[in-house]
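S.K.: For the protein sequence lines, the chains are A, B, C and D, in the order given.
So the first sequence is residues 2 to 331, counted in the working numbering.
So the second sequence is residues 2 to 331, counted in the working numbering.
So the third sequence is residues 5 to 346, counted in the working numbering.
So the fourth sequence is residues 5 to 346, counted in the working numbering.
Everything hinted at is true.
The calculated label-pair distances, taken between Cβ atoms and stated as ranges, are: (1) D:E240 <-> A:K43: 45 to 51 angstroms; (2) A:V198 <-> B:E330: 29 to 35 angstroms; (3) A:Y285 <-> C:A327: 31 to 37 angstroms.
No lab work stands behind these hints, which were simulated from the structure alone.
Beta carbons: idealized from backbone N, C-alpha and C, even for Gly.
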Amino acid sequence: MAVREITYREALKEAMREEMLRDETVFLIGEDIADPHGGSYKVTAGLSTEFGLDRVIQTPISEQGFIGTAVGAALIGRRPIAEILYIDFCTMAMDQIVNQAAKIRYMSGGQAKVPLVIRTQGGMGRSSAAQHAQSLEAWFVHTPGLLVAMPSTPYDAKGLLKTAIRLDDPVIFIEHKLLYNTKGPVPEEEYTIPFGVADVKREGRDCTVVATSRTVLMTLAAAETLEREGISVEVVDPRTLFPLDVDTIVASVKKTSRLVVVHEAVERCGFGAEVVAQVAEKAYGYVDAPIVRVCAPSVPAPFARQLEDYVMVDEKKIADKVRRLVRGEI
Amino acid sequence: MAVREITYREALKEAMREEMLRDETVFLIGEDIADPHGGSYKVTAGLSTEFGLDRVIQTPISEQGFIGTAVGAALIGRRPIAEILYIDFCTMAMDQIVNQAAKIRYMSGGQAKVPLVIRTQGGMGRSSAAQHAQSLEAWFVHTPGLLVAMPSTPYDAKGLLKTAIRLDDPVIFIEHKLLYNTKGPVPEEEYTIPFGVADVKREGRDCTVVATSRTVLMTLAAAETLEREGISVEVVDPRTLFPLDVDTIVASVKKTSRLVVVHEAVERCGFGAEVVAQVAEKAYGYVDAPIVRVCAPSVPAPFARQLEDYVMVDEKKIADKVRRLVRGEI
Amino acid sequence: MNAKNADTTVETPPEDLTREQLLGMYRRMRLIRGFEDTAKERFEAGEIAGFLHLSQGQEAVPVGVCSALGPRDYITSTHRGHGDVIAKGCEVKRMFAELYGRATGYCKGKGGSMHIADFSQGIIGATGIVSGSLPTSVGIGLGIKQRGGDEVVVCFFGDGATAEGGFHEALNLASLWQVPVIFVCQNNLYGLSQPWEKTAYKCDLVARVATYHIPGECVDGMDVIAVHRAARRAVERARSGGGPGFIEAKTYRFLGHYVGDPALYMPAEEREAWRKRDAIVKLRGQLLAWGYLTEAEDEAMGAEVAAELQAGVEYAKASPLAAPETALEELYVHFDYLGNPR
Amino acid sequence: MNAKNADTTVETPPEDLTREQLLGMYRRMRLIRGFEDTAKERFEAGEIAGFLHLSQGQEAVPVGVCSALGPRDYITSTHRGHGDVIAKGCEVKRMFAELYGRATGYCKGKGGSMHIADFSQGIIGATGIVSGSLPTSVGIGLGIKQRGGDEVVVCFFGDGATAEGGFHEALNLASLWQVPVIFVCQNNLYGLSQPWEKTAYKCDLVARVATYHIPGECVDGMDVIAVHRAARRAVERARSGGGPGFIEAKTYRFLGHYVGDPALYMPAEEREAWRKRDAIVKLRGQLLAWGYLTEAEDEAMGAEVAAELQAGVEYAKASPLAAPETALEELYVHFDYLGNPR
Ligand SMILES: Cc1ncc(C[n+]2csc(CCOP(=O)(O)OP(=O)(O)O)c2C)c(N)n1
Ligand SMILES: Cc1ncc(C[n+]2csc(CCOP(=O)(O)OP(=O)(O)O)c2C)c(N)n1
Ligand SMILES: [Mg+2]
Ligand SMILES: [Mg+2]
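For reference, chain A alone in the conformation it holds in the complex (with noise of 0.2 angstroms):
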């Protein structure tokens, strides 16, 4: 397999270029996605141009209006990627995406089929503040009907956005405004990631770390340190966080006896209140040690960037969490 070194936002680009040119149902929808403007954080750069304003719609500021486009569209069979600029403005068109989009198949008796992803970025890191920096993944993984990807690479983000796309079923699919520029091995031949897989992202003995997104790259470098320390991390990066590959989890806390769940949203009711939850089911007996999360503190994120610091999570907080657990000082 030819693999390259391209962005994520390349990755992103090119799952959505090759699923449009492959099926002509799939269109772009969203504000500010066409040329010259490409998108503000530029994905769709380019896609307007190749294919037309016909697959690559802007719509004036209605998320509740276009969302409920693409809904209606993808219920006659049309394939929408809709795009909505920060996770934060999803508020906006909730109704469409909770009661709408993940409901109808199941109100229906199975009738519908809603094939609908809807893009969008999430967390902290650019001193964007409170309405511009959230991660609210946790609602929609409680939210029956969606499904949820969070990818953390460029590879990732390419095959599981191919998947996403050709699915049946709506997904919210949300990046990270961070992760945009970093760069990863891609192939250069077609590939998909199926949903409900998660990857193990490094092997490890003595802590198992489940982290998303963003946290994924944190954890990582954290676990080289550790490693220096002797302590040595397996990262298990879920990459959808519904449906949720429990299993993969389960069995590596087997292994390590420890687990610590990290991610960029607030701690409180988010998502890794759910994998301990299950863990704390599921692998009742195996774990050693308190389960702890590294999370933000459940506070809205401020502006300043000392101050953002301060509640972001890092590879620090993760790194020194971890030491903490594995020496039995928590």
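With chain A fixed as given, assemble chains B, C and D with the ligands onto it according to the hints.
M.R.: Showing chains B, C and D with the ligands alone in chain A's frame:
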């Protein structure tokens, strides 16, 4: 103290009435809350007749608009109690709740106060189907800046609602559609219940059950049954999901060494996961069995009675789970 | 209500509708009325669970509109959707089966009264969220346009929905994209307990919608022929690429918001006055006057409709209940509800 | 743009505004322009984090409007709010302190560029959610009405916000309740990359708003006197119980959406043409022509403004950074962030 038996509905109404009499800045706002209709669950019946339509403001079907209105009024010192008829309709106002009400104080560096109460109700049991039977409390517990109350008895309903109205922080106050007609003792005299103080609704030795809202009643009934079988259950009702009285829960678990968490919301990423996570961290070493949850399976609420019964938490499901846990069958 | 509709009261039969069409519309209106009456009765007898939002009085609107549609056209509907979906082609027996929670119901017991759908007939389903179907309908219109089809989609909603933000967003997008959507507001003068004039201050809906450059008409919703003609105009325009349309049909909900609502907020005289304008009675009178229907035929039709309803209820009751464990099915196409791949 | 504004181009000074008022407006506009230019420079130098949405070109709108307000009146604002809050009275030094993440900033470093608030001056704050402030403003208006006050609230928003459902909901409620809210749309012809005519199909906003029976005016947003007069009319009406008002000010954003946006979507000729209509230049010309300002005074004022900005930046840089652990503070009134009671 003179104590009468009144319904949950009456208790709520008394709380609002007393606070409206006490403080002329308190007002109600919502759809169809005025007489002669008096609210679809009749909680506000009579209040517009007593206080007039300036204190009981009816609004068109505009959840975003009237919740935003309540936020704005609160920002300049009024004390709105907004009613969203079904918690499912919060989806129409998520931005105002989550990005405005919850964050303005923090974003402004503490300048703002938002003395807002949003009353709403959730829960299954009336064949209301997927869009009228959700339990979405976890979303709000996951939102820093909000307080979340979920009373299970008339006594708690009145005392917590009076506190909610007097607090200067925004409160999501979640009632249950099947509790309105339940009766319980409520003192004639004025009282309030602080937020963040759990109520041990029943003491027991063998297993702690943390339950919320209507599932508290189901759990108490299950505990009666189990008592006859020689299993002694301690029932902890947190009453407010945030602030959460973790100390009382942890103390109970340390005593009983077993924990079951119960709620009507779907299991995945629900509030129960947070309780499990807190206990898995803070009562590590004291728990002698897997920590399990009794919740709805993660599907939308179906319409037909037999289907709804199948997914809805009930006394029997709770009793079964506790019994099996105590017997070591889980 | 404007002058366009006056012509339907004249003594000569309309030239633009055949006897068969008119009798079909009449029968469909009676079927809806009978369905609603029967559902109410069965609900009050405790046989049906949940809520029931009935539409007695409004029958002319869905029937007038849907009689202008073809089988491949789409509709979306609301919590008060029985009439809409029957008008588009739903069979009452499978609707009753749904209300009775049977496996033979349109949604296999999962949807119930508020969510009846029949995708095979373009009945995309009803939503219980006021205004929820408006943006979705724009998407159906967009999808039709994308695939170069000549179908149209009718989006039914109530007067109450016009206060929601989604109303504005949907109109704006439909107008920008010129999609084949016909927005039909069934203005029954109430949104739950609130009279229309309390929902929107002195609002002329057609004028408001005109600011989006969407052509609209306000019609007498108690006159099925007037509704039909307005719909036909809008459908023809939309089908031939002329973009969205809007119809406000002034109508009335004879009963309360849901079964059990005493509707104290509806003045008795108002109710009386509207009852006298019953669209079914009006059309019956016209059909008799035009010689399209005899009293005997009318009675026979009544018996036939009653039999259909009766058979529908029996079908429902004889059908197996949806099996409890099916509550966990049909959530995802590719996974079970726990996320295991199929 | 309508004829009402033509009078501001005549050679004789306006009778309804004193020299002091006009000079005050001129100085305020220059202060905003200077603030934006300085902020851009400091941002590009890497001293300021986050986003910066600047308003060069639009100064006449907030200054024209806020000069019609009193100190007890309220405003709400948007992501592009620097001009709005300066016009209402914010001090540039505390704004810079905010952008620099200092403890002395208006929001103690928690809000940043998009959320500056000063409740002591009725500056309720800016929201980064497009249209988010519209419903809130209705509530401020309602609160004022409830307490029998004579204040008004001005809600600033962009043309892009008019496509959101909240725009419609807020107008409808303000109209029903007749609250003292003045909705001011700063139509700078772009919502991020999208030109106004792609946001709303051939939309005449004043006409659309008129369907809510809210009186509106479209004014030349490059003419501060015209804006001021329209605002004064709306404020007087609202203050005396006449209900909400609407102003569409046609203006232009000289730069991109945020610092760093190349704004390829804005045609060069268009930018040129609007640059030539700079409201500050226009007012300067008028003040000189009317003998209200000499070149020397103008220069002195420029120096004074520059000094104020310079001092502001220095104040900010000299202020202590907000302490990291304050990130956990000021979330609740009654509890710490973990829920422990205070
Ligand atoms: C978003 C939302 N808000 C409130 C409700 C509660 N509700 C159900 S029907 C209804 C009235 C709807 O009025 P209208 O749109 O005129 O339809 P009608 O009931 O008259 O057919 C209300 C308020 C709801 N279902 N959804
Ligand atoms: C609800 C929401 N959707 C999208 C955005 C992203 N966004 C920020 S500003 C903006 C353009 C706003 O345009 P307009 O209202 O005209 O204000 P302007 O930027 O021109 O001042 C967009 C799309 C947002 N902040 N909030
Ligand atoms: Mg109605
Ligand atoms: Mg703009």
